[in-house]
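Full structure from sequences and hints, please.
Heads up: the sequence shown runs through residues 39 to 163, numbered per our numbering.
Please note: incorrect hints may appear among the correct ones.
Claimed, not checked - Each computed BS3-like pair below joins lysine-lysine, with the alpha-carbon atoms no more than 27 angstroms apart:
1. LYS80 x LYS90
2. LYS40 x LYS158
3. LYS146 x LYS40
4. LYS158 x LYS116
5. LYS56 x LYS146
6. LYS40 x LYS90
7. LYS112 x LYS90
8. LYS158 x LYS112
9. LYS112 x LYS65
10. LYS90 x LYS44
11. LYS56 x LYS112
12. LYS65 x LYS90
13. LYS116 x LYS56
14. LYS80 x LYS56
15. LYS116 x LYS90
16. LYS80 x LYS40
17. LYS146 x LYS158
18. LYS80 x LYS44
19. LYS116 x LYS65
20. LYS146 x LYS44
21. LYS65 x LYS80
To be verified - Just the calculated beta-carbon pair ranges, DEER-fashion:
22. VAL41 x ILE94: 29 to 37 angstroms
23. SER72 x GLU121: 18 to 26 angstroms
24. SER151 x SER129: 18 to 26 angstroms
25. SER72 x LYS44: 30 to 38 angstroms
26. VAL161 x ILE94: 18 to 26 angstroms
27. VAL41 x MET125: 15 to 23 angstroms
28. PHE119 x ILE143: 21 to 29 angstroms
29. LYS112 x THR162: 34 to 42 angstroms
30. LEU145 x ILE74: 16 to 24 angstroms
31. GLU63 x GLU130: 37 to 45 angstroms
32. ASP113 x GLU154: 25 to 33 angstroms
33. GLY150 x GLU63: 34 to 42 angstroms
Think of the hints as simulated: they come from the structure by calculation, not from any bench. The beta-carbon is built from N, C-alpha and C at its ideal position, and this holds for glycine as well.
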Amino acid sequence: YKVDGKLHTLPATEIVSKNEFFDYEAKYTPGVTSEITPAPIKDNIREQLETKASNIYRHLNCRGIVRMDFILQKDTEKLFFLEVNTMPGQSENSIVPQQVRAAGISLKDFYGSLIEDSLKTPVTA
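Spelled out as structure tokens, the structure:
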């Protein structure tokens with residue numbers, strides 16, 4: 039997300055599924071998946087992730103809060119970009135609010151800064 043012209047990244051979340059794939063069942067059935075925020079990753083991987091996410095955000099001219107999904111191949115430590123979710127869930131248990139809390143930011147301050155910034159930023163076509 040960007041506030042006052044400065045790009046910020048939130049702590050990564052690791053999704054651990056009991057299923058082979060993170061499918062519909064894994065996403066919506068309680069107890070099938072656990073989410074770990076911040077993800078237990080090495081500093082160099084976290085830095086790569088933040089750099090890639092920031093570059094993608096800029097290149098796609100994103101605004102406000104987006105969630106980017108990556109897969110980390112553990113044996114090679116390679117990151118693979120999957121998608122940008124331009125309307126990520128915002129419920130209390132959604133990933134973005136978990137990441138905001140893990141960053142030590144209150145949800146009130148986080149959303150307040152996004153709203154204030156959006157009111158200052160002119161919309162361009």
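Provide an ascending list of the numbers of those earlier hints which the structure does not satisfy.
As far as the earlier hints go, 4, 5, 8, 22, 31, 32 are violated by this structure, in ascending order.
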